[in-house]
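Q: Kindly generate the complete structure, drawing on both the sequences and the hints.
Number of protein chains: 2
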Amino acid sequence: MNNFHYRIPTEIYFGKNQIENLKNITAFGKTVLLVYGGQSIKKMGLYNKVKSILEDCRMNVFELGGVEPNPKIESVRKGVDICKKEKVDVVLPVGGGSVLDCAKVIAAGAKYDGDPWDLVLDGSKIAGALPVVTVLTLSATGSEMDEFAVISDMDKNEKWGTGSEYIKPAFSILDPTYTFSVSKKQTAAGTADIMSHIFENYFTNAEGAFVQARFCESLLKTCIKYGPVALNEPDNYEARANLMWTSSLAINGLLSLGAEVTWCVHPMEHELSAFYDITHGEGLAILTPVWMEYVLSDKTAEKFAQYGENVFDLPKGKNPMETAKEAISKTREFFAVMGLPATLGQLGIDETHFDKMAEKAADGLETAFVPLTKDDVKQIFKNAL
Amino acid sequence: MNNFHYRIPTEIYFGKNQIENLKNITAFGKTVLLVYGGQSIKKMGLYNKVKSILEDCRMNVFELGGVEPNPKIESVRKGVDICKKEKVDVVLPVGGGSVLDCAKVIAAGAKYDGDPWDLVLDGSKIAGALPVVTVLTLSATGSEMDEFAVISDMDKNEKWGTGSEYIKPAFSILDPTYTFSVSKKQTAAGTADIMSHIFENYFTNAEGAFVQARFCESLLKTCIKYGPVALNEPDNYEARANLMWTSSLAINGLLSLGAEVTWCVHPMEHELSAFYDITHGEGLAILTPVWMEYVLSDKTAEKFAQYGENVFDLPKGKNPMETAKEAISKTREFFAVMGLPATLGQLGIDETHFDKMAEKAADGLETAFVPLTKDDVKQIFKNAL
Numbered sequence: 001m002n003n004f005h006y007r008i009p010t011e012i013y014f015g016k017n018q019i020e021n022l023k024n025i026t027a028f029g030k031t032v033l034l035v036y037g038g039q040s041i042k043k044m045g046l047y048n049k050v051k052s053i054l055e056d057c058r059m060n061v062f063e064l065g066g067v068e069p070n071p072k073i074e075s076v077r078k079g080v081d082i083c084k085k086e087k088v089d090v091v092l093p094v095g096g097g098s099v100l101d102c103a104k105v106i107a108a109g110a111k112y113d114g115d116p117w118d119l120v121l122d123g124s125k126i127a128g129a130l131p132v133v134t135v136l137t138l139s140a141t142g143s144e145m146d147e148f149a150v151i152s153d154m155d156k157n158e159k160w161g162t163g164s165e166y167i168k169p170a171f172s173i174l175d176p177t178y179t180f181s182v183s184k185k186q187t188a189a190g191t192a193d194i195m196s197h198i199f200e201n202y203f204t205n206a207e208g209a210f211v212q213a214r215f216c217e218s219l220l221k222t223c224i225k226y227g228p229v230a231l232n233e234p235d236n237y238e239a240r241a242n243l244m245w246t247s248s249l250a251i252n253g254l255l256s257l258g259a260e261v262t263w264c265v266h267p268m269e270h271e272l273s274a275f276y277d278i279t280h281g282e283g284l285a286i287l288t289p290v291w292m293e294y295v296l297s298d299k300t301a302e303k304f305a306q307y308g309e310n311v312f313d314l315p316k317g318k319n320p321m322e323t324a325k326e327a328i329s330k331t332r333e334f335f336a337v338m339g340l341p342a343t344l345g346q347l348g349i350d351e352t353h354f355d356k357m358a359e360k361a362a363d364g365l366e367t368a369f370v371p372l373t374k375d376d377v378k379q380i381f382k383n384a385l
Numbered sequence: 001m002n003n004f005h006y007r008i009p010t011e012i013y014f015g016k017n018q019i020e021n022l023k024n025i026t027a028f029g030k031t032v033l034l035v036y037g038g039q040s041i042k043k044m045g046l047y048n049k050v051k052s053i054l055e056d057c058r059m060n061v062f063e064l065g066g067v068e069p070n071p072k073i074e075s076v077r078k079g080v081d082i083c084k085k086e087k088v089d090v091v092l093p094v095g096g097g098s099v100l101d102c103a104k105v106i107a108a109g110a111k112y113d114g115d116p117w118d119l120v121l122d123g124s125k126i127a128g129a130l131p132v133v134t135v136l137t138l139s140a141t142g143s144e145m146d147e148f149a150v151i152s153d154m155d156k157n158e159k160w161g162t163g164s165e166y167i168k169p170a171f172s173i174l175d176p177t178y179t180f181s182v183s184k185k186q187t188a189a190g191t192a193d194i195m196s197h198i199f200e201n202y203f204t205n206a207e208g209a210f211v212q213a214r215f216c217e218s219l220l221k222t223c224i225k226y227g228p229v230a231l232n233e234p235d236n237y238e239a240r241a242n243l244m245w246t247s248s249l250a251i252n253g254l255l256s257l258g259a260e261v262t263w264c265v266h267p268m269e270h271e272l273s274a275f276y277d278i279t280h281g282e283g284l285a286i287l288t289p290v291w292m293e294y295v296l297s298d299k300t301a302e303k304f305a306q307y308g309e310n311v312f313d314l315p316k317g318k319n320p321m322e323t324a325k326e327a328i329s330k331t332r333e334f335f336a337v338m339g340l341p342a343t344l345g346q347l348g349i350d351e352t353h354f355d356k357m358a359e360k361a362a363d364g365l366e367t368a369f370v371p372l373t374k375d376d377v378k379q380i381f382k383n384a385l
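Protein chains in written order, with this note's numbering: chain A, 1 to 385; chain B, 1 to 385.
Simulated from the structure, these hints should not be mistaken for laboratory data.
Model, not experiment: these values are computed from the prediction.
By construction, the Cβ of each residue, glycine as well, lies at the ideal position given by its N, Cα and C atoms.
Keep in mind that a hint or two might mislead.
Calculated lysine to aspartate or glutamate pairs in the EDC-like style (CA-CA distance at most 20 Å, straight line) [to be verified]:
{"id": "1", "chain 1": "B", "residue 1": "K303", "chain 2": "A", "residue 2": "D313"}
{"id": "2", "chain 1": "A", "residue 1": "K303", "chain 2": "B", "residue 2": "E238"}
{"id": "3", "chain 1": "B", "residue 1": "K84", "chain 2": "B", "residue 2": "E74"}
{"id": "4", "chain 1": "A", "residue 1": "K43", "chain 2": "A", "residue 2": "D235"}
{"id": "5", "chain 1": "B", "residue 1": "K303", "chain 2": "A", "residue 2": "E238"}
{"id": "6", "chain 1": "B", "residue 1": "K316", "chain 2": "A", "residue 2": "D313"}
{"id": "7", "chain 1": "A", "residue 1": "K316", "chain 2": "B", "residue 2": "D313"}
{"id": "8", "chain 1": "A", "residue 1": "K303", "chain 2": "B", "residue 2": "D313"}
Listed below are several chain A residues computed to face chain B (Cβ distance under 8 Å; list not exhaustive) [claimed, not checked]:
{"id": "9", "residue": "M1"}
{"id": "10", "residue": "Y6"}
{"id": "11", "residue": "R214"}
{"id": "12", "residue": "T222"}
{"id": "13", "residue": "E238"}
Computed from the model, here is a short list of chain A residues facing chain B with C-beta under 10 Å [claimed, not checked]:
{"id": "14", "residue": "N3"}
{"id": "15", "residue": "F4"}
{"id": "16", "residue": "I8"}
{"id": "17", "residue": "F14"}
{"id": "18", "residue": "N17"}
{"id": "19", "residue": "A209"}
{"id": "20", "residue": "Q212"}
{"id": "21", "residue": "S218"}
{"id": "22", "residue": "K225"}
{"id": "23", "residue": "T246"}
{"id": "24", "residue": "L254"}
{"id": "25", "residue": "G258"}
A: In structure tokens, the structure reads:
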């Protein structure tokens with residue numbers, strides 16, 4: 001197990017009607033920037049509820065609506081401008097990971113003199129941030145409890161993840177009932193995103209991180225059990241609750257600390273989203289089994305076999321390579337059951353930009369679970385067609 | 001899954017040489033009360049190391065040594081007196097759970113006008129505490145990351161657990177190498193204590209807390225894998241590291257939040273320790289399988305079978321009662337492998353005080369996984385003879 005520093009300052013109010021605890025936002029000041037996406041929070045009555053609580057608390061409320069999936073740097077800039085002009089004290093995103101990510105970089109940008117894109121390119125430039133309080137409506141990115149944010153500049157076909165201790169939310173409200181209205185497509189994509197976060201941590205070369213590996217398997221089993229339930233019974237509280245809590249635990253540091261590894265499927269997918277603005281989780285579901293097959297070797301077979309045995313209950317003690325292959329098949333089958341696409345072709349993606357995408361994605365992957373070059377990444381993209 | 005409020009403010013510096021981060025204690029003030037037990041931290045050089053770091057930081061250091069296992073209220077009172085007289089800013093226990101628990105109640109007592117025993121009897125009376133920074137030398141109680149402390153008054157044969165948000169440590173240093181010198185007996189007892197914390201959370205009637213149950217199984221598997229390794233190879237870093245991190249995760253809220261249940265084996269063991277001053281973990285190892293057998297019924301068989309299947313890899317799909325019984329046997333066998341005692345007789349305990357002990361232990365157990373009366377508890381004690 002590697003040395004680590006565990007620090008998860010975010011508090012979570014989890015469960016039905018926890019929105020009442022939003023009143024605790026007053027600890028951070030009087031002026032709030034409410035950040036949200038489209039109409040869904042209005043349709044479900046959450047927008048009015050939030051506004052009414054803020055009103056009861058006599059907060060001054062400014063708003064930034066219309067934050068898009070794969071949030072754009074332009075939205076961040078708008079939010080930063082409001083924060084600076086109106087002397088905002090606290091940023092309150094209400095929505096899914098895109099809204100939260102946008103708000104987190106707004107919070108950092110409010111304390112930064114230059115263009116916030118600098119902070120996306122280099123998280124170490126974040127030297128402070130307004131406090132962020134989140135209300136989550138989609139189980140996927142884990143942004144409600146972590147230090148990360150992913151922002152795109154579509155003009156440049158760039159999508160980057162940034163991170164800083166300063167943008168960990170102060171507290172987050174996780175009410176699984178808010179996810180009852182999430183569409184089948186987004187439920188499936190969200191589950192694939194959660195699973196990919198777990199995979200990124202699970203397939204590590206760090207030695208002796210036994211606890212972390214077992215926790216990864218626990219969370220993968222949770223996704224596999226409850227993903228299809230949530231798909232078929234959208235208002236199944238137990239399923240939505242387990243997926244929601246799993247989304248936070250998958251990426252808040254619990255799985256990675258002591259077992260650090262360079263993520264590799266996420267950087268590849270970010271290139272897909274940057275060039276084609278597709279749904280992140282769909283891209284991940286396509287790339288994950290292809291990546292698994294590509295890196296499977298005598299050297300990695302044991303780890304993939306362990307995955308199959310401990311997550312899919314495949315029989316123990318068989319030939320590791322056979323079990324590994326079956327585990328990868330099971331992964332592919334699971335994504336199919338979730339109705340997720342299996343090929344890039346299904347999303348209208350062809351080879352056009354593979355060269356450029358592979359070059360960008362491969363930057364840094366020499367320290368991944370299995371090191372990957374530009375040519376490797378390009379081949380993975382091709383295998384995913 | 002029940003509603004919950006997740007708040008784990010304690011930071012952890014985990015791994016080799018993390019003691020260097022002790023310098024961060026200066027954030028809490030200039031005057032520190034160093035709390036420790038016997039000679040072991042001096043023998044291993046940790047005492048000198050800590051003193052030298054505090055000196056480098058120009059801290060004023062007061063000391064309270066000689067804190068006993070099953071820490072006594074008299075030690076707490078001594079510490080509180082020093083804190084009040086010397087205007088101590090921060091309390092620094094260096095040792096195992098007993099030292100940490102003692103220090104946590106000292107920290108609370110320093111901010112309380114009456115006798116600190118009041119705070120042991122009623123944690124809600126804790127309305128503030130000095131910051132606590134811990135350096136851990138024994139994997140067992142999880143006190144380094146939780147809100148609990150257990151203090152005894154041997155004159156009254158009383159041993160009670162108290163708890164408060166205020167006594168959660170600010171940060172803790174967990175260096176597994178400090179546990180290399182822990183004796184076989186204490187290694188075994190510590191492992192039994194960790195496992196008991198997990199069992200107390202695992203055997204719950206809360207519905208739908210799937211993530212929490214899988215996490216419990218992950219940590220139990222860790223204890224079962226690494227407990228014997230640590231026993232036979234005391235300086236096996238991987239084993240000590242996994243046990244140490246498991247001790248913290250078992251009781252910091254991760255397993256219990258959303259799946260709350262009344263603990264029942266711990267209260268029973270506290271009566272043993274209060275009357276006989278035995279090693280806590282040994283008492284737990286004796287009572288746990290006896291309790292399991294006592295509460296096993298058609299109603300609970302499925303949960304025990306699940307435990308057997310998921311922790312001991314017993315074959316799935318067999319008759320639940322048979323699997324449950326095998327799981328309990330496996331538990332007993334594991335404790336035997338760890339060299340732990342199996343009967344109260346081995347510890348010199350007879351029926352003398354069972355009546356009084358059962359009466360005190362049963363108070364509140366009507367809400368346990370299987371509700372227990374005074375007569376039930378008495379019978380469990382008898383079955384453990």
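Q: Checking each numbered hint in turn, tell me which of them this model violates, lowest number first.
A: Violated hints: none; all satisfied.
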